[in-house]
Amino acid sequence: MNKLRSVMPMRALTLSEAFAVAELQATKLLELLELRSPSVDIAKVAELPKIEVHLEPRHRMPTLAGFSQWSDGRWLIVINKDSVPGRRRFTLAHEFKHIIDHNAARIAYRNIGHGDKRRHDQQIELICNHFAACVLMPRTWVKRAWANGIQGEEELAGLFKVSVEAMHTRLVYLGFLEDTRKPLAEYFRTDALGTINATAA
Numbered sequence: 000m001n002k003l004r005s006v007m008p009m010r011a012l013t014l015s016e017a018f019a020v021a022e023l024q025a026t027k028l029l030e031l032l033e034l035r036s037p038s039v040d041i042a043k044v045a046e047l048p049k050i051e052v053h054l055e056p057r058h059r060m061p062t063l064a065g066f067s068q069w070s071d072g073r074w075l076i077v078i079n080k081d082s083v084p085g086r087r088r089f090t091l092a093h094e095f096k097h098i099i100d101h102n103a104a105r106i107a108y109r110n111i112g113h114g115d116k117r118r119h120d121q122q123i124e125l126i127c128n129h130f131a132a133c134v135l136m137p138r139t140w141v142k143r144a145w146a147n148g149i150q151g152e153e154e155l156a157g158l159f160k161v162s163v164e165a166m167h168t169r170l171v172y173l174g175f176l177e178d179t180r181k182p183l184a185e186y187f188r189t190d191a192l193g194t195i196n197a198t199a200a
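Under numbering that gives the first Met the number 0, think of the first position of the sequence shown as 0, with each following residue one higher.
Think of the hints as simulated: they come from the structure by calculation, not from any bench. Glycine included, C-beta positions come from ideal geometry on N, C-alpha and C. Wrong hints could be hidden among the right ones.
Calculated lysine-lysine pairs in the PhoX-like style (CA-CA distance at most 20 angstroms, straight line) [claimed, not checked]: (1) Lys160 - Lys43; (2) Lys49 - Lys2; (3) Lys80 - Lys116; (4) Lys80 - Lys43; (5) Lys27 - Lys43; (6) Lys27 - Lys142.
What follows is a list of derived Cβ distance ranges for each label pair [as the list claims (entries may be wrong)]: (7) Asn110 - Ala42: 13 to 23 angstroms; (8) Pro56 - Thr179: 35 to 45 angstroms; (9) Glu124 - Leu23: 12 to 22 angstroms; (10) Lys116 - Glu16: 14 to 24 angstroms; (11) Thr62 - Lys116: 32 to 42 angstroms.
Model the full structure from these sequences, guided by the hints.
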């Protein structure tokens, strides 16, 4: 955990810097877990020190995909058991990013959202989504698969064990696909980064 946290600068970050740090942390995590090809065995996160993962049925958390909290001397990650497998995997990686950021978030993310609490919280969720996408669909791995002729969204989603929607969003972010759903005005916004990088589970 300390090796992942050490990547985070102890200063206020811009949103683009936070995204860059998230990708560096994702790359470091894959290196530490000795994961080199898809699909990522994200369950290895549950084997890390002071991490415990629980699955709960949907009726106990009907509006949540998951959450994390410090409890009884360890980090507890609770995942909605009834979510589809791709969503469960994405949620585990997403919540792990919240844990990595716990000590540094107050400083690193203090300018995120520019004083707007709702926007601040939304953009932190985007940062955690980006981390999860980088862990489950690493840039170099996706590029390698694409270069090897695996270019269909469903085929890539199957290879990386993520949802088709998550893979579509990742391919748009990496520049392999045009985002046909993005309104024209989005191309001219100065704060479009958050819109582009929102990653669905």
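Results of checking the hints against the structure:
1. Using a Cα cut-off of 20 angstroms, the hinted pair Lys160 and Lys43 holds, with the two alpha carbons roughly 15 angstroms apart.
2. Between Lys49 and Lys2 the CA atoms are separated by roughly 15 angstroms; this keeps the pair inside 20 angstroms, and the hint holds.
3. At roughly 30 angstroms between alpha-carbon atoms, Lys80 and Lys116 are farther apart than 20 angstroms, so this suggested pair is violated.
4. Annotation: proposed proximity of Lys80 to Lys43 holds, straight-line Cα distance about 18 angstroms (limit 20 angstroms).
5. Between Lys27 and Lys43, the direct Cα distance comes to roughly 14 angstroms. Compliance with the 20 angstroms bound is thereby established for this hinted pair.
6. Note on Lys27 and Lys142: the hinted pairing holds, with a Cα-Cα distance of about 18 angstroms set against a maximum of 20 angstroms.
7. Distance hint check: the CB atoms of Asn110 and Ala42 are about 35 angstroms apart, inconsistent with the given range 13 to 23 angstroms.
8. For the hinted restraint 35 to 45 angstroms between Pro56 and Thr179, the CB-CB distance of approximately 37 angstroms keeps it satisfied.
9. Against the hinted window of 12 to 22 angstroms, the Cβ-Cβ separation of Glu124 and Leu23 comes to about 19 angstroms, which satisfies the hint.
10. Roughly 21 angstroms separates the CB atoms of Lys116 and Glu16, a value that falls within the hinted 14 to 24 angstroms.
11. Between Thr62 and Lys116 the C-beta distance comes to about 20 angstroms, which lies outside the given range of 32 to 42 angstroms.
Checked against the numbered hints above, the structure violates hints 3, 7 and 11; every other hint is satisfied.
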